[in-house]
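**Student:** So you can see what is in the structure, the chains are spelled out below.
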Amino acid sequence: MSGPLTVIDLADLAATERLARRLAKALRPGDFIGLTGDLGAGKTTFARYVISAVSGRAEEVPSPTFNLVLVYAFPHLILWHVDLYRLRTPEEAYELGIDDALAEGVALVEWSERLGHFLPEDWLELRFEEAAGQTRRVHVRPHGRWIGRWRVLSDSL
Amino acid sequence: MIVLGLETSCDETAAAIVDSDRRIRADVVHLQLADHQPYGGVVPEIAARAHVEVLDSLIARAMTEAALPWSAIDGVAATAGPGLIAGLMVGLVTGKALAATLDRPLVAINHLEGHALSARLVADAPFPYLLLLISGGHCQLLIVEGVGRYRRLGTTIDDAVGEAFDKVAKLIGLGYPGGPAIERAAQTGRAARFKLPRPMKGRPGCDFSFSGLKTAVRHLVHDLAPSGTTVSAVDASDVAAAFQAVVADVLEDRTANAIEQFLVEQPPSPTLVVAGGVAANATLRARLESLANRHGLRMIVPPPRLCTDNAAMIAWAGVERLTLGQRDPLTAPARARWPLAGE
Numbered sequence: 625m626s627g628p629l630t631v632i633d634l635a636d637l638a639a640t641e642r643l644a645r646r647l648a649k650a651l652r653p654g655d656f657i658g659l660t661g662d663l664g665a666g667k668t669t670f671a672r673y674v675i676s677a678v679s680g681r682a683e684e685v686p687s688p689t690f691n692l693v694l695v696y697a698f699p700h701l702i703l704w705h706v707d708l709y710r711l712r713t714p715e716e717a718y719e720l721g722i723d724d725a726l727a728e729g730v731a732l733v734e735w736s737e738r739l740g741h742f743l744p745e746d747w748l749e750l751r752f753e754e755a756a757g758q759t760r761r762v763h764v765r766p767h768g769r770w771i772g773r774w775r776v777l778s779d780s781l
Numbered sequence: 549m550i551v552l553g554l555e556t557s558c559d560e561t562a563a564a565i566v567d568s569d570r571r572i573r574a575d576v577v578h579l580q581l582a583d584h585q586p587y588g589g590v591v592p593e594i595a596a597r598a599h600v601e602v603l604d605s606l607i608a609r610a611m612t613e614a615a616l617p618w619s620a621i622d623g624v625a626a627t628a629g630p631g632l633i634a635g636l637m638v639g640l641v642t643g644k645a646l647a648a649t650l651d652r653p654l655v656a657i658n659h660l661e662g663h664a665l666s667a668r669l670v671a672d673a674p675f676p677y678l679l680l681l682i683s684g685g686h687c688q689l690l691i692v693e694g695v696g697r698y699r700r701l702g703t704t705i706d707d708a709v710g711e712a713f714d715k716v717a718k719l720i721g722l723g724y725p726g727g728p729a730i731e732r733a734a735q736t737g738r739a740a741r742f743k744l745p746r747p748m749k750g751r752p753g754c755d756f757s758f759s760g761l762k763t764a765v766r767h768l769v770h771d772l773a774p775s776g777t778t779v780s781a782v783d784a785s786d787v788a789a790a791f792q793a794v795v796a797d798v799l800e801d802r803t804a805n806a807i808e809q810f811l812v813e814q815p816p817s818p819t820l821v822v823a824g825g826v827a828a829n830a831t832l833r834a835r836l837e838s839l840a841n842r843h844g845l846r847m848i849v850p851p852p853r854l855c856t857d858n859a860a861m862i863a864w865a866g867v868e869r870l871t872l873g874q875r876d877p878l879t880a881p882a883r884a885r886w887p888l889a890g891e
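Residue numbers (the numbering used here), protein chains in the order written: chain A, 625 to 781; chain B, 549 to 891.
Chain A on its own, in the form it takes in the complex (with noise of 0.2 Å):
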């Protein structure tokens, strides 16, 4: 089950740091959140600012284009940050281990459209769109049991 469209206006890259913020606040273990959106959307600056606000310091996030998945382990949550951008098909994109990842950790999943039917029930979806400049605008779409937590988590922004 999906929940209703929040559409988001982030009018510099602080905006979109305090959405991130926001948002890693109350990630926990088994959480999967699935960024979506065109090639310089904003996708890994947003994963960027969540995994550094994790860690509570500037962290070196790198795109993980390449690598596929990069693994955070910090002491009190484990973040993967996935990019299924160079993948094809859903059956490559769950060979990646996702379900490890939602056993011991928070999954930050890039293009996740990609993993088709192997998406969970309970995700949250924030897609990226580019507006003028460096103004962002963001689509979030809860599903499952992130219904009732984004409810209350926009509440706070």
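Treat the hints loosely; a few may be bogus.
As the list claims (entries may be wrong) - Here are some chain A residues pointing at chain B (derived, C-beta under 7 Å): (1) S687; (2) F690; (3) N691; (4) T759.
Don't read these hints as lab results, they were simulated from the structure.
We put the CB at the ideal spot given by N, CA and C, even for glycine.
Using the hints, position chain B against chain A.
**Tutor:** Chain B alone, transformed into the frame defined by chain A:
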């Protein structure tokens, strides 16, 4: 000394046999070509299963090519990281099994160390030397002080340079892999037609950034071809030329800063090594060569076969480490994240 090397850290499965006289006795790589792909190209062998299925036969093939009995192998080197953990495990466990069976030492190799030392497989490159590693997954400047001694001067803060080539190629409708496609298109392009940002240029330090450049190209493409259409061949060539010129400028600028830092240490035989798949680009190579020459550095670029992911460089790193008496226990772990050096 003869070493068998195994590489399974990411897309490709590879086995090679190299000796301490720098002879590559065998070099076998498995590519999974798919013809049903929208852009053609190579499917990443992300599944451990894919590595398992081909590794045994690749090793057998390498032994046949080298025409050597198993007893001639003096050591086994396997990539232990960084990369996809499932693939790494396949190569490392296979390497351990062979080392145990043959009663020969195992060396667990850092994939980046393989790139870092590959120049010494093809040329006399005395330590220390400056290394520019430019590939799909990495963009770093390091001082290679010795085997196992690496000092990082800078790295990309977002996208790697090879990734930028691939993504820009996709944006302007060129094929995969993006590097050769852009280089080809750029030959007839007019770089001066478009003004693109030159990320990090002129700033102190040796870090790189290519994410903003990718976005700038996307804007440009959007202006040239309204949604639903594709850019013309002429436009694509001009964008490719402009993009490649920016990458050349940025690589030159960052490497110049690194050379300055490197020369302060008065290396006896100043050398710049350029490794990684992007080193195959002739335009970039020419710019870097003239930069190196201006500063009195010799430049070494390993041949393309050794610049893309391969097992010969892993076997060679094994030769280097075994020569120094270094080996790893059979309990050596695979490591998904394994930086070569801190800053």
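**Student:** With reference to the structure, classify each hint as holding or not holding.
**Tutor:** Outcome of the hint check:
1. S687: Hint holds; A:S687 Cβ to chain B Cβ min 5 Å, cut 7 Å.
2. F690: holds, 3 Å
3. N691: holds, 5 Å
4. T759: violated, 12 Å
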